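K.L.:
Given next are the chains, with one letter for each unit.
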Amino acid sequence: MLLIHCPYCDEERPELEFRHAGEAHIERPTDIKSISDEEFMKFFFLRDNPKGVAYERWRHMHGCGRFFNAVRDTVSDKFVMTYEAGKPRPDGDELRAKSKETNQ
Amino acid sequence: MAKSEAVQPHYPLEGRLGGSAFVSVSPGEPASRLALRARPEALASLSKALGVKLPEKPKTSTRATAVKAKGRRAAWIGPDEWLVIDENGADLLAACDGVDGVFSAVDVSNRNTAIIVSGAGAEATISAGCPQNLSMDVFPVGACSRTLLGKTEIILLREAEDVFRVEVWRSFSAYAFAFLADSGRSPMM
Amino acid sequence: MRRYSIFAVARETMRGHKGWPKQWTSPEPKKQYDVIIIGAGGHGLGTAFYLAKEHGITNIAVVEKGWLGGGNTGRNTTIIRSNYLYDESAGLYNHAMKMWDGLSQDLNYNVMYSARGVMMLAHNVHDVQGAKRHIHANRLNGVQNEWLTPEQAKEYCPPLNISQTARYPVMGAALQRCGGNARHDAVAWGYARAATDRGVDIIQNCAVTGIKRSANGAVEGVETTRGFIGAKKVGVVAAGHSSVLMEMAGVNMPLESYPLQALVSEPVKPIFPCVVMSNTVHAYISQSDKGELVIGAGTDQYTSYSQAGGLHILTHTLDAICEMFPIFSRMKMLRSWGGTVDVTPDRSPILAKTPVPGLYVNCGWGTGGFKATPGSAHVFAHTIANDAPHAINAPFNLDRFRTGRLIDEAAAAAVAH
Amino acid sequence: MSGANRIAGAGRLTPAKTVRFTFDGEIYTALEGDTLASALVANGVHLMGRSFKYHRARGVLGAGAEEPNALMGIERDRARRQPNVRATVQEVFEGMKATSQNRWPSLAFDIGAVNNLMSPFFAAGFYYKTFMWPKAAWQKLYEPIIRGAAGLGVSPDEADTDHYASRYVHCDVLVIGGGVCGLSAALAAAKSGASVVICDEQAQMGGALAYENGVTLYDEAGFDWAGKTAAELAGMDNVRVLTRTTAFGYYVQNFVALSERVTDHLAEPDADLPRERLWQVRAKRVIIATGAIERHMVFANNDRPGIMLSSAARTFLNHYGVAVGTKVGVYTANDSAYETAFDLKRVGVSVEAIVDCRDNPGEGKLSTAADLGITVKTGHSVTNTKGARRITAMVVERNGGGGAKTIAVDALIMSAGWTPSVHMFSQSRGKVAWDADTQRFLPGDYAQDCVSIGACNGTEDLQASVDEAIAAGEFAAKAVGGKRAANLKIAASGGGGWSGGVAGSADGAGPDTTVKAFVDFQNDVTAKDIRLAVREGMHSIEHVKRFTTNGMASDQGKTSNIHGLAIAADALSREMPAVGLTTFRPPYTPVTFGSIVNHGRGQLFDPTRKTPMHGWAEEHGAVFEDVSQWKRAWYFPRIGEDMHAAVNRECKTVREAAGVFDASTLGKIEVVGPDAAAFLDLMYTNGWGKLKPGRCKYGIMLREDGFIYDDGVVARIAEDRFHVTTTTGGAPRVLHHMEDYLQTEFPHLDVWLTSTSEQWAVIAVQGPKAREIIEPLVEDIDLSNEAMPHMSALEGKICGVPTRLFRVSFTGEAGYEVNVPADFGRAVWEAIWERAEPLGACAYGTETMHVLRAEKGFIIVGQDTDGTVTPQDAGLSWAIAKSKPDYVGIRGLMRPDLVADDRKQLVGLKTKDANTVLEEGAQVVADPNQPIPMKMLGHVTSSYWSENCGRSIAMALVAGGRAKMGETLYVPMPDRTIEVEVTGTVFFDEKGERVNG
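Protein chains in written order, with this note's numbering: chain A, 8 to 111; chain B, 83 to 271; chain C, 2 to 418; chain D, 3 to 999.
For the record, the hints were derived by calculation from the structure and aren't laboratory data.
One thing to keep in mind: the hints can contain errors.
[Claimed, not checked] The calculated label-pair distances, taken between Cβ atoms and stated as ranges, are:
{"no.": "1", "chain 1": "C", "residue 1": "233", "chain 2": "D", "residue 2": "983", "range": "52 to 62 Å"}
{"no.": "2", "chain 1": "C", "residue 1": "3", "chain 2": "D", "residue 2": "146", "range": "22 to 32 Å"}
{"no.": "3", "chain 1": "D", "residue 1": "952", "chain 2": "B", "residue 2": "170", "range": "56 to 66 Å"}
Computed from a predicted model, the values in this text were never measured in an experiment.
Virtual Cβ for every residue (Gly too), placed ideally from N, Cα, C.
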């Protein structure tokens, strides 16, 4: 069972309280009606599914109820960091700094 | 039946009692409850209207200090979510009437019911099904959190070192009660 | 290939089993092959075998990053059935079902296909409706499946709890008698031996690190930890890791990879005669020929390549098992393990050509690929050999995610009102 | 007398405290604290089991969790029968009943042992090569025989009556293993201020100190120190000491599962005590102190009863006071076995010879042996043994052969060296590293915040181990913020090392291919089986393991894995790590399902949700159906009625008079905020801006892909407040779906969602007399058609309590849905019933609800739709607001296949024979005479006998259905074909006039 840091509760909580909610940073096109079938396929079906660092959404379903984002290594299942929904995707420097922190 | 004569309520866990020499598991008294959602700008006026300061720190709760709001408390549930409980059954929805600001107040008095778990084995009894760390240094008196008990969601509030209030949705209360009664048979403290 | 038979075993017994040849060899990779299959699991080895056997293509390399049969082939709970709802799925899985019967003889390798029957339980009215819909559709598709009352279900599987006081009482079951199990390792080994015999090179401990494409986009071969290996046709059959490999060719896939766990109990004397599955109570169980109860759990909720999951997933599986079979609560979990399954949005596989010329993909089997092994390998070989799908796998293409023509078995079992 | 082999003055048990137990019906006396194995050995019983494949007679091999042979059934009563219990772990208690396994008719005379004679034929993997002809014989003949022979113990056949418990616990430091290292580390961490949990699988802390009687700590005998230290730890507020507790699973982020055996050692356990308790520990740091496991020697016939590990014999002697024989032989490849021999000799047991395959034993061993008068044969091997149900002799030869001598013995103890227990380390996803010097796998790179100490870390010397343990404890405490210094120093002396010895086959294990030199005892895997696997091309240890089943028995290869690997490596002429190493997975030892499931059995398997009116329905004879977690009243049979009759009556009654229905399970969401309508516009296909407060509307919710996700009536209570209803089963996921969009896609909207499903009890009153029934009970609401027409929702009071009163109809009749606070649900229901019953109304259940709505062609999401159905398919195009720029699903709906012509559309079906009721799920075809596989057009989604229509009615999804109105189609059944006519979906009151009352 994972231990997940909820950025809203600012605490690590057991995975049971959370629900995984798929890949992060996939924005719903604002003018969704006019996109092509291919674009819709990309938006709705195609996923990076990386082996390694993944950006993903979680919801603290049985906690504060908030959706948030996480960076996790899908090989070790270790979290690099979590951050509030709507914040931009962290860049490499930020991730490196974070993983240093968590490895100490 | 005369129209003005209200019918009598039936409470979900009426008559139940569970536990052992180490812990008592019993239904809480009926209370009124408000599910409150609000933008930060509305907090001050809502706190004032309700007579209890809405906590802004995660996993905490506050109790009303004003005499008129005695028995009332507010629990932080999420960054814009609170559960307000009034043990005297006050009309909390009415209290929010006319308050300025953008918020949502919904009466959930009958949605939840409370189970009181008390005694030296209280923490151990709840820890049979709650994956959170409930030790005093991490979950002190006054701490409050939505979490899980076995297969049901609860809101857990620590009222004293040995007393917890378990708020649970009505139709899950029989399960939660039975769970606590089972884990309370021989909690290892 | 030295034929396997009781006489051969008897002969070898006389000389201390010293004369058995290697079942497969460990060749060095050649520079160029006609076809490279990435992934030496049952589907991949089978593909190589059928390419050789039915399409005359024998200059094939099956490259495997670990040991053959060590992925999901060696990690699954070996359930075989074909009672799928939609015509497309019924066609594919029943193709496999027909091949299971006779596979041992075809490979001259006892894969121990055991038609013990797969029973899928119905616990509420919605389940009953769903099961009957399957049974009717299956009958008209020529797929075995029949309805059992709770009493008949109990007779077929005596340990089953059909008490009406159960939390979710059994209201009946759909039984596919030709469903059952096979020995997973034997399937991989049988295909490996038969493919080796036909000239296929199985190259283990050889991880693919890149897929090389020519200027016009077509596949030219694969980069591996043992050097470049050329081929004009490459088939990706790397369950769990399909996204990673397809990404090497620049193809983004409609896939997510999840940990899937399973467990076995300590071996006990025969007590459980068939396979039982329950979607409502969420578990499936059978007993192996060694006496272990083989129990499948659900996937973890998050994507992962770790081949490990959480204990709570096993807890949920075992509480379901103990609910359906209260006699098993004293049984002990002996081993648990995890695999990585890749899942498509409609929970149906992709067995298709890709936008890259010469690149083919067989993936997305989710939690249930083992049962399809021979059929999947057979039609995938056809697809590679002809550069066009077989009629059976034509619907399992990538374009369905653009058009919306999904094959959504899971949706058809939608949660009720 | 507690057994003839009990040595006076030896061991720690109290001679006066005897208990009696039975084994295979024979009564034996043991001492309190004995394990079943020590008690049996004390009584001279060595034959304890039969092996899996060859049914060879087997005795006890070890004295702990590694035991592969001595597995037994323990039974308290029929429902509490436990198969495959290791006799070395099970403590005896008064009245315990143990039985041997895998033998017939008896342990001493076992017919299955004929397999032993056939064993040359049954080489590893033989079944892959045969049983294929004739084809039909596999299933009918061969497979049943193979399966019949499978398994060891017998599964219980009655439901377990014990109960199990669970406990989550969080700590700074978890110490796995309570030997000298674990205890030292725990003490150091605890004294540094950390919260500590320490567990050990044994009944008492101490680990190897139980037999290592030469060890002293602080000048105290090792085991006494362990007892005192455990007591000291138990007395500290920040420490929890768990005995009989096995750490069996190490999961990510230092989540470790322990199984505590609470009552299995008790004769009459308190009924409130759980049999086992699962501890799920989240530790900031983990200290692994799991020691090492001794390996056996691999040589011909090394499996006879009386042959065991030297550490087991030493444990039996020094802890239980039991001599394993009277004439003991020793076969060793390292120094450990010498100590056992010395201990035995010192208490007067004859040691016939120490056979050491090495030329040079460790320092001082030969001289001590000489002092004690023990013959040592260095450079020799035991190459065979004799005996049937117990060893009678060992054959000793010079290494490489020659000088064979048969020595009579009644026990043979052996040691090939020690395997560090890296199981927990490996489970933590750490990578083991090969230590070429000592030929061992040791912890390499760590993946989590844990550390291995002592023997499991390859640390040799006792003082070094203790120092390492203290340092680890202090470091762990410091790492989690401990401020105190433990200032702990423990002076330790004595104890042997853990390295040295051999892995793989010893002299006498072949290469002769007929020799049975066992590697894996339980699964009967011999050295030659492993060599065969290699010859057949199995070059990875995983292949070897699977081909031979080495290490896959219930002891999980604790003694056999390394031997198997070494033999394979030898056959391949490679180093062991080049052949691979099995990764260890949970559990460390087998764990009961009960322990893992713990509270979640019986009524706690899953919550059973009941509505506030459930009790009333029960009292009125309702039959219930499960709908998700809810129990819903299905129908209310009167005396003599079956379901059919009851439903017919209920259906008639509702349309003729009225019916009362419990609709409380419907999901309800309060949507509040200035942007509430704008949000609902995005979530539903319908438009909400124009809906006036006090009115309600049927809404359809899609997923982004355009398929119907849920439906329900939505009422506008106020400008900024909506009361949304969802399907019963859909309630949680609809709220989640809406929250997802609100929080992540439309966070700019000022609106909030609150579940009120359980705040309101909902009483549907439907039928011509509905208004008459509720009218006198209602206050503050004008019920007239003008003031409250169909699709209204008004607030007021009923029976003196607040209500949200909906005028809606899922029956096609005029009707109301009375929402009242749940605490008043039952009272208001009773008040309504008090009026309804005299007016001829009935209570009705979900089945009648289904029939009545089908008569009107109203769909049920999940029954008439299945996740592949669009609103257009379901005939609900009217519910899509065409002018909206956006809503969830708008683009998905436009995809090519979703607008194709041949889509399945919802239509009505009327059977040509009005009395024939179609089966739900039955398939529809155009040509019933076509060959199989048939082209199917669709399926029957809903089908009922309609008492109101006087005929059967059905709905179906049929390809191009709406263009087929009036056409005849066919529903092929196994025994006949049913002719049907395609119709519209409304079967009753087509004009829809009745809702207006």
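K.L.:
Give a verdict on every hint.
P.N.:
Comparing the hints with the structure gives:
no. : hint                      : verdict
1   : 233/C - 983/D: 52 to 62 Å : holds (57 Å)
2   : 3/C - 146/D: 22 to 32 Å   : holds (28 Å)
3   : 952/D - 170/B: 56 to 66 Å : holds (58 Å)
Violation of the numbered hints given earlier is absent; every hint is satisfied by the structure.
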